[in-house]
Each structure stands twice: as structure tokens, then as C-alpha cells.
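Enquirer: Residue numbers (my numbering), protein chains in the order written: chain H, 1 to 254; chain L, 255 to 508; chain X, 509 to 822; chain U, 823 to 1136.
Read the hints as simulated data drawn from the structure, not as lab findings. Hints may be right or wrong, so weigh each one.
As the list claims (entries may be wrong) - Cut-off 30 Å, straight-line C-alpha distance, at most; resulting in silico cross-link-like pairs (BS3-like, lysine-lysine):
{"#": "1", "chain 1": "H", "residue 1": "Lys250", "chain 2": "H", "residue 2": "Lys126"}
{"#": "2", "chain 1": "H", "residue 1": "Lys236", "chain 2": "U", "residue 2": "Lys1025"}
{"#": "3", "chain 1": "X", "residue 1": "Lys522", "chain 2": "X", "residue 2": "Lys744"}
{"#": "4", "chain 1": "X", "residue 1": "Lys667", "chain 2": "X", "residue 2": "Lys593"}
{"#": "5", "chain 1": "X", "residue 1": "Lys711", "chain 2": "L", "residue 2": "Lys504"}
{"#": "6", "chain 1": "U", "residue 1": "Lys1058", "chain 2": "X", "residue 2": "Lys711"}
{"#": "7", "chain 1": "U", "residue 1": "Lys1025", "chain 2": "U", "residue 2": "Lys836"}
{"#": "8", "chain 1": "H", "residue 1": "Lys250", "chain 2": "U", "residue 2": "Lys1025"}
{"#": "9", "chain 1": "U", "residue 1": "Lys956", "chain 2": "H", "residue 2": "Lys236"}
{"#": "10", "chain 1": "X", "residue 1": "Lys810", "chain 2": "U", "residue 2": "Lys956"}
{"#": "11", "chain 1": "H", "residue 1": "Lys41", "chain 2": "U", "residue 2": "Lys1025"}
{"#": "12", "chain 1": "X", "residue 1": "Lys785", "chain 2": "L", "residue 2": "Lys295"}
{"#": "13", "chain 1": "X", "residue 1": "Lys642", "chain 2": "U", "residue 2": "Lys1124"}
{"#": "14", "chain 1": "X", "residue 1": "Lys522", "chain 2": "U", "residue 2": "Lys1025"}
{"#": "15", "chain 1": "X", "residue 1": "Lys744", "chain 2": "U", "residue 2": "Lys956"}
{"#": "16", "chain 1": "U", "residue 1": "Lys1025", "chain 2": "X", "residue 2": "Lys744"}
{"#": "17", "chain 1": "H", "residue 1": "Lys250", "chain 2": "H", "residue 2": "Lys131"}
{"#": "18", "chain 1": "U", "residue 1": "Lys1124", "chain 2": "L", "residue 2": "Lys490"}
{"#": "19", "chain 1": "U", "residue 1": "Lys1124", "chain 2": "X", "residue 2": "Lys711"}
{"#": "20", "chain 1": "U", "residue 1": "Lys982", "chain 2": "U", "residue 2": "Lys1058"}
{"#": "21", "chain 1": "U", "residue 1": "Lys1025", "chain 2": "X", "residue 2": "Lys785"}
{"#": "22", "chain 1": "X", "residue 1": "Lys785", "chain 2": "X", "residue 2": "Lys522"}
{"#": "23", "chain 1": "L", "residue 1": "Lys295", "chain 2": "H", "residue 2": "Lys41"}
{"#": "24", "chain 1": "X", "residue 1": "Lys642", "chain 2": "U", "residue 2": "Lys1058"}
{"#": "25", "chain 1": "H", "residue 1": "Lys236", "chain 2": "X", "residue 2": "Lys810"}
{"#": "26", "chain 1": "U", "residue 1": "Lys1099", "chain 2": "H", "residue 2": "Lys41"}
{"#": "27", "chain 1": "X", "residue 1": "Lys744", "chain 2": "X", "residue 2": "Lys810"}
{"#": "28", "chain 1": "U", "residue 1": "Lys1099", "chain 2": "U", "residue 2": "Lys1124"}
{"#": "29", "chain 1": "U", "residue 1": "Lys1099", "chain 2": "X", "residue 2": "Lys711"}
{"#": "30", "chain 1": "X", "residue 1": "Lys711", "chain 2": "L", "residue 2": "Lys490"}
{"#": "31", "chain 1": "U", "residue 1": "Lys956", "chain 2": "U", "residue 2": "Lys982"}
{"#": "32", "chain 1": "X", "residue 1": "Lys593", "chain 2": "L", "residue 2": "Lys490"}
{"#": "33", "chain 1": "X", "residue 1": "Lys785", "chain 2": "X", "residue 2": "Lys668"}
{"#": "34", "chain 1": "U", "residue 1": "Lys1058", "chain 2": "U", "residue 2": "Lys1099"}
{"#": "35", "chain 1": "L", "residue 1": "Lys295", "chain 2": "X", "residue 2": "Lys744"}
{"#": "36", "chain 1": "X", "residue 1": "Lys744", "chain 2": "X", "residue 2": "Lys785"}
{"#": "37", "chain 1": "X", "residue 1": "Lys642", "chain 2": "L", "residue 2": "Lys490"}
{"#": "38", "chain 1": "U", "residue 1": "Lys1025", "chain 2": "X", "residue 2": "Lys810"}
{"#": "39", "chain 1": "U", "residue 1": "Lys836", "chain 2": "X", "residue 2": "Lys711"}
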Amino acid sequence: MRQGFYRVESVREIAGNIHLLSLHAPEIASSVRAGQFLNIKTRDYFLPLLRRPFSVYHREGDSLRIIFNVVGLGTRILASAPPGDQLDVIGPLGNAFGVRGEYDEAVLVAGGLGIAPMPMLTAELKSARKKIHTFLGARNASQIVREHMEDVSVATDDGSAGFRGTVVELLRGRLRQAPYARPKIFACGPTPMLRALAVLAEEVNIPCELSLESPMACGIGICQGCPVEVTGGPRKYALVCREGTVFDSKLVVL
Amino acid sequence: MRQGFYRVESVREIAGNIHLLSLHAPEIASSVRAGQFLNIKTRDYFLPLLRRPFSVYHREGDSLRIIFNVVGLGTRILASAPPGDQLDVIGPLGNAFGVRGEYDEAVLVAGGLGIAPMPMLTAELKSARKKIHTFLGARNASQIVREHMEDVSVATDDGSAGFRGTVVELLRGRLRQAPYARPKIFACGPTPMLRALAVLAEEVNIPCELSLESPMACGIGICQGCPVEVTGGPRKYALVCREGTVFDSKLVVL
Amino acid sequence: MAELGVRVGPLELKNPVLVASGTFGYGNDCPELSDVNLIGGIVTKSLSMNPRDGNPPDRIVETAGGMLNSIGLANIGVHDFIANKLPELRRFDTAIVANIAASSVDEYCGVLSLLEEQGGIHGYEINVSCPNVKEGGLSFGTNPSMTAEITRRLRSLTKKCLIIKLTPNVAHVSEFARAVADEGADGVSLINTVVGMAIDHRKRTPILSTVTGGLSGPAIKPIALAKVYEAAQAVKIPIMGIGGIMTTEDAVEFLLAGATAVQIGTANFIDPSASMKIARGLGEYCDSNNIPRVTDLVGALKVRTDISLIHSWL
Amino acid sequence: MAELGVRVGPLELKNPVLVASGTFGYGNDCPELSDVNLIGGIVTKSLSMNPRDGNPPDRIVETAGGMLNSIGLANIGVHDFIANKLPELRRFDTAIVANIAASSVDEYCGVLSLLEEQGGIHGYEINVSCPNVKEGGLSFGTNPSMTAEITRRLRSLTKKCLIIKLTPNVAHVSEFARAVADEGADGVSLINTVVGMAIDHRKRTPILSTVTGGLSGPAIKPIALAKVYEAAQAVKIPIMGIGGIMTTEDAVEFLLAGATAVQIGTANFIDPSASMKIARGLGEYCDSNNIPRVTDLVGALKVRTDISLIHSWL
Ligand SMILES: Cc1cc2nc3c(=O)[nH]c(=O)nc-3n(C[C@H](O)[C@H](O)[C@H](O)COP(=O)(O)OP(=O)(O)OC[C@H]3O[C@@H](n4cnc5c(N)ncnc54)[C@H](O)[C@@H]3O)c2cc1C
Ligand SMILES: Cc1cc2nc3c(=O)[nH]c(=O)nc-3n(C[C@H](O)[C@H](O)[C@H](O)COP(=O)(O)OP(=O)(O)OC[C@H]3O[C@@H](n4cnc5c(N)ncnc54)[C@H](O)[C@@H]3O)c2cc1C
Ligand SMILES: Cc1cc2nc3c(=O)[nH]c(=O)nc-3n(C[C@H](O)[C@H](O)[C@H](O)COP(=O)(O)O)c2cc1C
Ligand SMILES: Cc1cc2nc3c(=O)[nH]c(=O)nc-3n(C[C@H](O)[C@H](O)[C@H](O)COP(=O)(O)O)c2cc1C
Ligand code: FES
Ligand code: FES
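Okay, chain H solo, but in the shape it has when bound (with noise of 0.2 Å):
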């Protein structure tokens, strides 16, 4: 974890209201790992107060680029960050998916800005020599982005790409055909997804890490704002940030 002032390379619209951002920054790409994150101040004074959270969506070489969809002020500014621009950013932060362990299979599940990390995981999956399976869901075929995964079925809520339904029904599906050999399942998405997705993973009895989300203060552990409820164990709450972003379905209650 480093605190530093990284340069801006680009920022490009690659899908409907979907933003790509390359950093420059060595320190951060050097150490960071899939399902990581970092915390950005996205201007130098109070509006937007708080740093705003990403998740590494690629890194290359000493880059690393972040995708995002611009949902209010803090995104709108990024959106629009002039190439060279210095952004204070915290990371990498939070811990990472479990790549390494008892598995053959890796099944990628991701819902709408939920692909953020799959193209990290990808990378870090093959070099573990995994076989990789990639579940996108999103609302329509405009938001689609499949970049640096491998395998991808698409859900879209509309049909207008892939099967018409949520990517956790999708997925489901696809399991009752043929079953994957030692799979494990790794996801990021919208709250109402990995709830399903958990009910799921237990049913077919499948391993799986949920990436979560929390509004976040700080993003390292110190104001305690980012609660998520954990079974099993004295606590009744884990942080997000430090303890997350990635659980365990079966140790978190959503």
C-alpha cells in the first residue's frame, strides 16, 4: 500500500458511458493484484471530498488502467481528466482473489461494471495455468466489454446480445448441460447478483469469491465505514476494504 501522485496517460469512452483510464504507475503495478483496488482523490479540494474507489481492471507494464461508468460527480471529472494530469491515488488496496489452491477450473462471473478485475484475474489465472470460463451480464448489448477475458458467454437484460436473463440464470445453465472439473468460482457485481450467485454456488456446491462493494470513507481500515456481515466467528461485521473487497460466499451474509 503507497500513497502517491500518478500521471494520467488516457481516458476514452469504449463502450456506452463505460471509460477505460490509464495511470502511469510503476510503484502500484509492480505489487498489485486481481481484485485489488485503488482509491483515488479525483480533484485537489473538497468536492468531491472523499477518494473515489476503482478496481484494477488491467495492467500493462508500468500502467494501470481502470474502467468506470460516470454515475455522478467524482466519475464525471475522471471522465474528463486531461492526459498528463497528477491523481493522488492510495493502492493497491484491499486483499485479492484466491488464484493460487485446489482448483481446475475458474469460472468467471461478472455483472455490469463487475468486470472490472476479470481481465487482472484472466491474466493471473492463465499464468496458474487455470482453465478459464467467463459469465458476463449486462443491461444491453452496448455495455458489453470483453477485452482480455477468455470464453465469454454473454447475459443481457434485454437480449440484445447472448441470452436473454441475468448471468447468474445463465450461468446456471450452463452447469446443468456439463459440469466443470474442480471448479471455482470467482465474481464482482451489483449486490442482487452475488446473492443469487451464492445461493447457487451453494446449491451446485462450488467454491466461490465474491468481490464486494461498500460506500467507503477511507479505503484502509482506519473509519470503519464499510461494513459487510460475516458468519460464523465472534464478529458480526468484516471491513470491506481491508478485510475484502473478496469473500467467501458461504462467510458473508448479503
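Since the structure of chain H is provided, determine the placement of chains L, X and U with the ligands on it from the hints.
Expert: Coordinates of chains L, X and U with the ligands only, in the frame set by chain H:
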């Protein structure tokens, strides 16, 4: 008085930390008079919260120019406003200098950014066929702007250009040497300078108009936030934004 | 088109948006930039019996997301208002609410009585954030029994809409809301400004001539929402929500928290037609969300009840 | 090089900058990003007798120039703190101030007594913005006699620095400052967060699980300055100023208003080394303004005395 979005044509630094911003504002340009000001929203959200008032510096066709120092956030934002940016502007505001009237020689006195209204005033005085003498005070040579002004004499605090001392001392000396024919003083600048000038005008008994500054919340007379103490008459205060910014030096207490 | 009309006691408003006292002059000060016929009502600058010069400069300073003011209730006095402002206000197709400020209970009564004799005033808003000269200048509004007494006395003088404007600078605003409701006020409006201060570290002086002033603007919206919600839980009389309302969504939040109407203050300084835009915006908001009556939003906040005391742990 | 040391009763601080309770974990949570040896002191997260889970999500929401939190005083409890945090804290070359929260006077006393037996704690800050279970959850801190009683009981248990942290959610904070000064507190710290609320107009729910929360950050700086100034006029004991301090100049403003030291809260979330930068900044500020001792700034505000009552007219 109107409110509208007007396009930034250009912004450039014309002297040490002094910036010239040009706005395409036909409706305002057609009616503005020397000494009036614009109230500009520097951003479309709440930091800065309030508008920022700026005297109209110069008019050219449909274009209005303002010049300003970067002193804080609002001016910092304006100084880096990209051409094509649309600024929310209210104007023209305030009364104006009394160009018409019984005098022959106009004596313009400005300190620091008090030069702002002088070019427009000079233009109006010329069309009113008045003789013009301009006295500019600045911290040092690098802070002097003299475009669009006539018969300019300069005073600097450090003597790096013209007379060493205050512009009021410079004027006092000049008046000792040779009196003007039916003169009238028009001034804008820091309060201490205007105070000294009012005293001088009183002594030598020359009519004198001062353009005042005040913190302003609205600029249009609805907040009562910009009082200046006035003499004679029942009321203790007048509103700088609406009853001014130009006042007869005899009628205000600075 | 959704129904936007609301009622505050006997006062009928064609829509729930008013301009707040002291932030729009006397109501007719900038016709070039705003059309007051489009909003539910105008609350005038606070009126006292005699003209008030107000405080020395500086009266205004900007803060993070807000501003401090110390105007000192500068106003032309009720006589001048009646003679020179009211006739024009009568011509507007909007509710005129006269805001009254005073330094004694008798002065409140005197000003209201004078206005009561005039036509064209639809209601009164009482600014109790004023120094009670009898009590060495302590604000009426921080003393429940004083606030109640003012209400009782004024209630006996008018059948028109009587609204008491509460100060947020108290521990429990609900206590004050109850006190005035019990005395028959038709409504409460809140919040007035929050006491604040700004310092010039170079000069080592307070920026406002009066040391402290009143904080307003977006910075105080969360405080205002909490106070409005607290008052709404405590009393049944209508509430006018005030504090940092800049957008239509802000106004909706106040309605959900329990306000029947809202007042726009600081936003007028930044955009003199802010209140008109919000009034129109509320109509569009209702239409696009299939809300037949704006009153359907009032107090419609859904609050979990499974969380007890802990909410007082911050 | 200016002298930056200050004293709060028996507590000596090498410089007047501390990190505020609950905004820096237990003090040793982010060594990679900040060096606590550079600041005057650490105020720990509020400690209660038993561990507290804290409130359900959402606990955080950003507002204009500020943020609301409803953490619910989630903490590991004093026993775990003593066993697992204190040993590390002892190694730091900075003052350790243990902040205590409780739901009964006895709990306050119990927690302090446990800490009193340990070495390495230089003082206590008492968070009285807690629900008094006996009183149906009304906050201790909004009741002067309760606040006084807590002070009296704790004073009898320790000779170490005892600081009472006051809530701003009262009409007259000076009343509370006086009450605790009279009971022998070594200092007061203020302000704690301001009660506020945020609403999701789409879901029509409060954003915080507990409906209301505590407002902090730049938005409340003017409120905090006014409260600190009011307290400084009322009592002679040292004051720790808190509220929206983001820069060295902000800190200077609090000192001028009468604070002997300052605490940095929300700023830590945005920049974990904010307090260290401000501590260094204060030294540079003094040097470049030829101020030999930082204490020369304390209460150095120049206030006009020719303006009387009117300051209560807003
Ligand atoms: C660990 C983590 C990783 C994330 N990664 C990505 C990513 O890779 N791509 C992406 O597009 N978005 C991501 N998000 C969501 C992203 O942080 C928000 O979209 C962003 O903060 C919105 O800021 P804003 O000012 O534009 O929106 P606003 O709505 O104006 O923000 C207001 C406040 O709400 C918070 N907020 C808003 N949306 C979210 C959200 N979904 N989760 C948490 N806080 C939120 C903001 O941080 C801010 O404090 C991530 C969130 C977290 C917690
Ligand atoms: C009628 C009028 C005309 C002006 N014309 C010019 C001009 O032509 N050129 C120029 O450079 N400046 C001019 N000023 C001053 C200019 O408005 C301020 O420099 C500017 O508002 C600073 O904004 P900021 O956010 O950069 O500074 P900040 O210091 O961050 O502003 C903080 C607050 O203080 C107010 N403020 C700061 N300085 C002044 C000031 N000198 N007078 C009034 N309010 C101030 C701001 O408006 C804002 O509300 C004028 C002021 C007035 C009242
Ligand atoms: C410059 C200014 C002047 C005000 N004058 C008055 C007044 O005369 N009487 C009154 O009751 N409230 C007055 N207020 C308070 C506002 O009516 C309103 O309650 C407060 O500003 C909060 O709303 P806002 O955040 O939308 O501004 C004034 C506020 C400001 C900013
Ligand atoms: C997330 C958060 C948690 C806090 N927890 C505590 C706490 O446990 N005990 C306490 O006395 N104050 C607590 N506070 C209040 C701060 O210590 C401080 O008084 C307040 O935030 C104002 O300062 P600021 O504006 O610099 O943040 C907390 C504040 C925040 C934002
Ligand atoms: S965001 Fe602060 S602890 Fe997680
Ligand atoms: S600035 Fe509002 S009245 Fe002059």
C-alpha cells in the same frame, strides 16, 4: 440585467498573474457601461458556491473582456477555463461611472486590478470628447497593464517603473505642478487607496467617483450582503452591488 | 400533470416551493431574472417595527459548500414595507408570507397587527432567532417557553396562516415544534441558519463584523433534513423545510422527510430563478415517477424499525 | 525554529496536532502511509467495556463538503485494546489519549479504571455523545448535569489528563464547558459530529441504516470555530479544536479562536498523512511569520468590541 450562458473565447496571462478572459456575450455587450460588472458562476456545482464579480474591462463587438488576478479557487478555475466553455453569467450589474456632466478633463486613477474598468471608461470618455489623464499604481513593473488607456503615468511601490510610491502621491504631485481644467476624478482600486484619494479630492475640491468592492453573495440587491456606509440621508448603508459600485467620494465613508 | 397544490393551515399554495426570508429581498427585487408567479409563495425579508440599518461590513463570507451571513436583519421597517412594497406584491399571483422579526414580544405583536390591517398578505412567518432584549439578548428561539409565548400572543391576533420559523441551534428542535403546535401555530418552518464563524488568519480577525454569523447553503442540508425529520416525528402541523436546497431532488428529500413545502434560500443568490426551476422540476419529477399528487411524497420516507437506540451512537 | 510544544493540563504535547477519535483506527492501522511520531498525539477510537459490532451498513455517505457517518462506535472493547493494541502504541514517540465511550456512568468509570492500571496512556478523552441507557437513550452530552457527573466521577479516578469531548448539538456549548471545568476537567475537546441525515430519493429511504448520523468535514468548520470560540470565552482550561480541519491555515484559525491544540478527523480519510503535514505546516507557518511559540497564536484573535448585541441578529 440578464442571465445566460456565454462562451469563453480565450483566456491568457497578460502580466504577472494577471489574466485576460474574453466572453462572447452579445446581449450584455450591447448594453454594458463603464464601471459595471459581471457576476460569474465559475463552476456548475457548489465549490465555489457563490458567483464571482468582475468589472467589465473592455468591449469589442460582441465580446466582453475581464481581467483578473488568481487569488483563490474561483479565479484559478477561470484562469484555466477551456475556450468553448459556457459560463453562467449575470450582467451587466451595478450603476456606472458618470461620464456625462460638467467637466472637461477626466483623471483616471487605478490601483492594482483597479485598472479593470478603465479601458471601457476611456472609450466612453473619448466618445464624450473628454480629455483623459490616467494614473496607474502597481506593486512593480511586471504588474502594469496599460492597453486601451490614455496619457498614462505610473507609480510602483518598489519604483521599478515610473514614480516610486503610491498612485495618490503621484497624482497629488501632478496636481501641484499644474491644475487641470474643470477636472473630475474616476477611481477604482484597494480601499486604502480610495480612502486616500477621497481625502485628496476633498482638499483640492475636485469631484471624484469611486468604484468600490465588497464581498457579495448575490450581486443583484437581494441579500443585503454588500453594505457601504453613506453620509447624509437617513440610511446608514447603501448596497455596493446595486446602488454602486460607483459612488461620489463625498457620500461614502470608507 | 401531477397536482402540486399544498396547504399549510389556512394557506393554500399552488405549489410547495417558496423563496426563503432574506434571500429574495421583498419579493420584487429582480423581476428581470425571475418570475415569482411560478412559485407557491414569497416569504419577505424579516420586517421589524422600525427600519434597521443592519450590521457593519463584512456581512458575507463563503465557506466550504456554504456561506456565512451577518446581515443584522437590515430591513426597511413594516411601515415602509406597507407603503412601498406591499402594493406591488399584491399584483403577483403567489402567496405573500410576511416574515416578522422583533426584539420584544410586544414588537412582534405590533408588527403583525399593522400587517393584519392590510390586504394582500396571506400568512406570517415568525423569525424567533432574534435577541430578546429583556433577556440580555439571548435568542427567543432557544427558549421553548418564550417561543410558546410569542406564538400564543400572535395566535390571538390573527386567523391567517401563522408559521413559526425555528432555529436549528438547539439540542432538540422537536421540543420547540411541539411548544408552538400546542399554542395553535398553523405550521413550523425550519431551519434558520446555523451559528458559525470564519477567521482571517492573516489579519487575525473574525471575517464577519459580528464575529459569528449564520451558516447556510448545501453544507447544512444534512442538518436541515435531520431537524425536519425530527420535527415531523413530533408534530402533526405542516412543516416548511429549509436548508441548502439547490435542486429538485433536494426538495424531494425534504418532502420525504416530512415537509409539506420547501423554501429556497442561498440558491437564489447563485441562480435567481432556482425556485422556479425547482417548482417546475417537482412537477416533472412527479409526472415521470407516476406520482399523482406532490403530497404523496410528504413524509413518504420508509424507515426501518428494527434498529433501536444505537442510532444515537455516532 | 518555532517552539511547537503545548500543554493540556498535565499532558505535554510536542506539537498541537492530534488525530481525532475514530478517524485513525487505534493509531497504528496505516504505518505505510503515515508516521505518528511526527504528531503531538493520537486519540484512539472510542473504547467501551465490551466489544461493539457497530451499526449495520450503510454507515457512510458523502454530503456537500462533508460526510455523514453512523459507525455506532464499533470497537474491539477495552480488554482487547489493552491486550493487543496498547503494547504497540507504547512504542510510539507521541502522546496516547484513550477515548472512552459508555452507556452508563459506571461503564465510563470501569473502562477508565482498567486503562488507569496500564502504562503508556497519557490521558483520556471522554466521548459524552453516547446514549444514556438509564435516560431512554438521550445523549449524556446534551445534559449539563449528566456531563458534570461523568466528569466528577472520572476526575476522582485519575490524575492523568482528563478531557471531556463536547457535542455541538446543544444551544450553548459554553454551559457544558463551564460545567466540566468546574468539576476539574483538564480540558475540553470540541466539536464532535453534528447530527445530520441523508436521503435516497429514489429508494425513499434514509441512506444511513440509523436514519441520522454525524456530519464532519469542511462543511462543519464554521460551526466548530464558533463553538470553540464560545467555549474559549467561557472557560480557562485548554481546548482542543476539532471540525473540518484540512489545512495548516485551518489549524491556525482554531488556535486563534482559542484552541490550545487541534485534532484532525475526516482529513485522515482523504490523506492519511494530513495531520503530519499540518504539524509540519504549523512550524513553517510560525517561522515564516516570526512567531516564536505556537502558543502565541492561541486565542490571539482580535475582536472589535464596539459591536454589541446585534451579533445575535442573523
Ligand atoms: C472496492 C470498490 C471498487 C470499485 N470498482 C469500480 C470499478 O472498477 N468501476 C466502477 O465503475 N465503479 C467501481 N466502484 C464504484 C465506484 O467507486 C463509484 O461508482 C464511484 O465512487 C462513484 O463516484 P461518483 O462521485 O461519480 O458518484 P456519486 O454517486 O456522486 O458518489 C457519491 C458517494 O457515493 C459513493 N459511491 C457511489 N457509488 C458507489 C458504489 N457503487 N460503491 C461504493 N461507493 C459508491 C462514492 O464513492 C461517493 O462517496 C467500486 C467501488 C468499490 C467500493
Ligand atoms: C464589483 C466587483 C468587481 C470586481 N472586479 C474585479 C476585476 O475586474 N478583477 C479582479 O481581479 N477582481 C475583481 N474583483 C474581485 C474578485 O471578485 C475576487 O478577486 C474574486 O471573487 C476572488 O474569487 P476567488 O474564488 O478566486 O478567491 P477566494 O478568496 O477564494 O474567494 C472567496 C470569497 O471571497 C470573495 N472575494 C475575494 N476577494 C474579493 C474582493 N477583492 N472583492 C470582493 N469579494 C472578494 C469571493 O467572491 C468569494 O466569495 C471584483 C470584486 C467586486 C465586488
Ligand atoms: C443572506 C441571508 C439573509 C437571511 N435573512 C433572513 C431573515 O431576514 N429572516 C429569516 O427568518 N431568515 C433569514 N435567512 C435564513 C434563510 O431564510 C434560510 O432559513 C437559511 O438561509 C437556510 O436556507 P438556505 O440554506 O437555503 O439558505 C437569511 C439567510 C441568508 C443567507
Ligand atoms: C467515521 C468517523 C468515526 C468517528 N468516531 C468517533 C469516535 O469513536 N469517538 C469520538 O469521540 N468521535 C468520533 N468521531 C468524531 C471525530 O473524532 C471528530 O470529532 C469529528 O469528525 C469532527 O472532526 P472532522 O470534521 O475533522 O472529522 C468520528 C468521526 C468520523 C467521521
Ligand atoms: S472504508 Fe474506512 S474502514 Fe473501510
Ligand atoms: S451582494 Fe447581495 S445585496 Fe449586494
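Enquirer: Taking the numbered hints from earlier one at a time, note which ones the structure violates and give those numbers from smallest to largest.
Expert: As far as the earlier hints go, 7, 35 are violated by this structure, in ascending order.
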